[in-house]
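*Asks:* Make the full structure from the sequences, and use the hints.
Protein chains: 2
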Amino acid sequence: MRDRMRNLRSLLAEKKTDAILLTSPLSIHYYTSFHGFALEEREGFALITKEKSYLLTSKLYEGAVNAIPDTTSQIYSSDSPFASLLKQLLIKHSVLSLGVEANNLTLSEFMSFKKLAKIIPLQIRTLRIKKTSEEIAAIQKACTIADIAFETIVPKIKAGITEKQVASSLENKIRNQGATISFRPIVAFGKNAAIPHHLTSDQKLMSNDLILIDFGAKVDGYCSDMTRTFFIGKSTEEQKKAYETVAISQDAAVTFLKQALKKNTKIRASDIDMISRTYIELKGYSTIPHSLGHGIGLEVHEPPYLGPGSIDQLEDGMIFSIEPGIYLEGKFGIRIEDLFTIQNGRLTQLTTASKLKLT
Amino acid sequence: MRDRMRNLRSLLAEKKTDAILLTSPLSIHYYTSFHGFALEEREGFALITKEKSYLLTSKLYEGAVNAIPDTTSQIYSSDSPFASLLKQLLIKHSVLSLGVEANNLTLSEFMSFKKLAKIIPLQIRTLRIKKTSEEIAAIQKACTIADIAFETIVPKIKAGITEKQVASSLENKIRNQGATISFRPIVAFGKNAAIPHHLTSDQKLMSNDLILIDFGAKVDGYCSDMTRTFFIGKSTEEQKKAYETVAISQDAAVTFLKQALKKNTKIRASDIDMISRTYIELKGYSTIPHSLGHGIGLEVHEPPYLGPGSIDQLEDGMIFSIEPGIYLEGKFGIRIEDLFTIQNGRLTQLTTASKLKLT
Chain A
0 MRDRMRNLRS
10 LLAEKKTDAI
20 LLTSPLSIHY
30 YTSFHGFALE
40 EREGFALITK
50 EKSYLLTSKL
60 YEGAVNAIPD
70 TTSQIYSSDS
80 PFASLLKQLL
90 IKHSVLSLGV
100 EANNLTLSEF
110 MSFKKLAKII
120 PLQIRTLRIK
130 KTSEEIAAIQ
140 KACTIADIAF
150 ETIVPKIKAG
160 ITEKQVASSL
170 ENKIRNQGAT
180 ISFRPIVAFG
190 KNAAIPHHLT
200 SDQKLMSNDL
210 ILIDFGAKVD
220 GYCSDMTRTF
230 FIGKSTEEQK
240 KAYETVAISQ
250 DAAVTFLKQA
260 LKKNTKIRAS
270 DIDMISRTYI
280 ELKGYSTIPH
290 SLGHGIGLEV
300 HEPPYLGPGS
310 IDQLEDGMIF
320 SIEPGIYLEG
330 KFGIRIEDLF
340 TIQNGRLTQL
350 TTASKLKLT
Chain B
0 MRDRMRNLRS
10 LLAEKKTDAI
20 LLTSPLSIHY
30 YTSFHGFALE
40 EREGFALITK
50 EKSYLLTSKL
60 YEGAVNAIPD
70 TTSQIYSSDS
80 PFASLLKQLL
90 IKHSVLSLGV
100 EANNLTLSEF
110 MSFKKLAKII
120 PLQIRTLRIK
130 KTSEEIAAIQ
140 KACTIADIAF
150 ETIVPKIKAG
160 ITEKQVASSL
170 ENKIRNQGAT
180 ISFRPIVAFG
190 KNAAIPHHLT
200 SDQKLMSNDL
210 ILIDFGAKVD
220 GYCSDMTRTF
230 FIGKSTEEQK
240 KAYETVAISQ
250 DAAVTFLKQA
260 LKKNTKIRAS
270 DIDMISRTYI
280 ELKGYSTIPH
290 SLGHGIGLEV
300 HEPPYLGPGS
310 IDQLEDGMIF
320 SIEPGIYLEG
330 KFGIRIEDLF
340 TIQNGRLTQL
350 TTASKLKLT
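Here the protein sequences come in this chain order: A and B. For the first sequence, counting from 1, position 194 maps to 193 in numbering that gives the first Met the number 0; every step adds exactly one. For the second sequence, counting from 1, position 117 maps to 116 in numbering that gives the first Met the number 0; every step adds exactly one.
It is possible that part of the hints are untrue.
Where chains are identical, the list cannot tell them apart; a pair therefore holds if satisfied intra-copy or between any two copies.
Mimicking BS3-like on lysine-lysine, the simulated pairs with C-alpha atoms at most 25 Å apart in a straight line are [said to hold, decoys possible]:
hint, residue 1, residue 2
1, K203, K172
2, K129, K257
3, K58, K190
4, K354, K113
5, K91, K113
6, K155, K356
No lab work stands behind these hints: they were computed from the structure.
*Replies:* So, in structure tokens, the structure goes:
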């Protein structure tokens, strides 16, 4: 927590900003350890000045925020509204320029706060790009829980079951292990799998159908993410060829990455994307209609981004997905997604649920 | 859907605004019926001009948005980014002033879009304040599912169970009925109940302990919300007196509301708050540390607000909670919450799970 705060304050110094107002519940969790605010509503704020950290919230959370170490609580109410409290603190700490989370602060808030200080829009999500061993452990645990959930439900998938029923069993298996889901599972049968973000429906599984499942678990706020595509019954030659292409394109990216790590060269995330993407195109398929992968942590999608336009480099401490796909509209879709981390210059795969064996 | 769109366009006309860019997934759901975008990320937009409705998203959702009636899809990509697509549409429809959701648009988006048109900050959540019969039916269904979940789990609550276990059983009972939860259930034992928004913990239930449960179900995107407080074993005289005070303060608000409806007078939401609040204060307790109630719909908390500073009036078609509470720090807390709707000038209670009977 102290390292994180030091990094945040270095950014403030670099940007010549006197303080930052954290509005995203995930940022507040990351920098103060308090994770009680709901994600959907604005239930509180954190103000980080050069010297002090404040948690500002309503009486509803007074007890909870008082228990958080290294922070001072400030309780707002109709008699003492948030804007007045903030104003007092800005004056107390001589804050003339106030950093904000540009991707989270709303226009209403901006219009209100710009009367109090010069507002400096900041991007702070990249400060979370390298994970500590505790963060990696939480994500590894989420991956293992998802692996177990997957292995448990697959034998129960039979013709006649609906996408929603499969999604619901997966959720239950994740919850039974004390975790939550990191996003609504995508379960797509047959031609529904050709839609990368298909909305899980009441579609029933037919015999000789293809199944795509994209889902994740969440442990202590940290997310996992994994996709598997498989068949009940027989797959066609066309399906086998597409599956093999996706599998090899993923392997190609992984192999390239391992070699680059051995050589200790800089690894551009866009290069990894290109390796997989080019292989799929060379085999005569349309390009992947999404990025090859994304970082993961408190959010399912966060830096680094593995896409054609990415400026990120892949380095020690990062965790990211590699998930090539082929989507044939009206026919079927294939995607294989695993999470990887770089630790001490070595690549480790975090998701291990079994994959289709092509014979 | 057409009535909703007409109301939105009337607001645009009234505010002399040529179009509105919807950014909140809930607004997009409400006005276009498309509910595929995740709540946590910006996966798409809707642009509503005087003549047309557009859904703008990436290739991931192309198939899904193409299936939505009365809207035109526009797919953005790295070659054809969102800002360029938006610019073209604004030019095509001669949009000089662009309305935005001031409580949802981020500062980054504002900085980017203000180059394209004059940005008009709008508040559109109040347009959802009156519910249609379909919306009321969905909320009623969510309430009934929550009622059943509650009645099923209560007999299983015994000394030794943890708050998290109770929350988990509730969630399972809701999911087994095909619904989801509208928010993380609050389960608080004994003195934890004195914290209005206690974070459900591993605290174990003792014999003769008090239990507060605040939770809801979600059906087709529509939320329910209910709180019950009860005891296993014996309650103390102090607890009984506080419970009775909360119950009567809720009844007082309901009775006042019913009489006002009979008289067909205007009903100020702040008056309803005052009735309950004053009763609790008169009995010698501290005032309720939160509002008496809130509207509910696609969001758990939305207009109308039943609080001291509210300017809302309660009218036909609205659905709201009435939830007085007494919180005695270090001792215990009591809250009773039910949802009500006004239909054809009559008040109906939507939540019916059983309550403590004081003898």
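*Asks:* Give a verdict on every hint.
*Replies:* Checked hints:
Proximity of K203 and K172 under a CA criterion of 25 Å is satisfied in both settings, with 21 Å inside one chain copy and 24 Å between copies. Taking the shortest alpha-carbon separations for K129 and K257, only the intra-copy value of 18 Å comes in at or below 25 Å, while the best inter-copy value is 58 Å. With identical chains, the CA atoms of K58 and K190 are at most 25 Å apart between copies only, with a shortest distance of 16 Å across copies and 51 Å within one. In the homo-oligomer, the alpha carbons of K354 and K113 never lie at most 25 Å apart, since the shortest distance is 53 Å inside one protomer and 48 Å across protomers.
For the homomeric pair K91 and K113, the shortest alpha-carbon distance inside one copy (17 Å) is at most 25 Å, but the shortest distance between copies (34 Å) is not. In this assembly of identical chains, the alpha carbons of K155 and K356 lie at most 25 Å apart only when taken from the same copy (19 Å versus 45 Å across copies).
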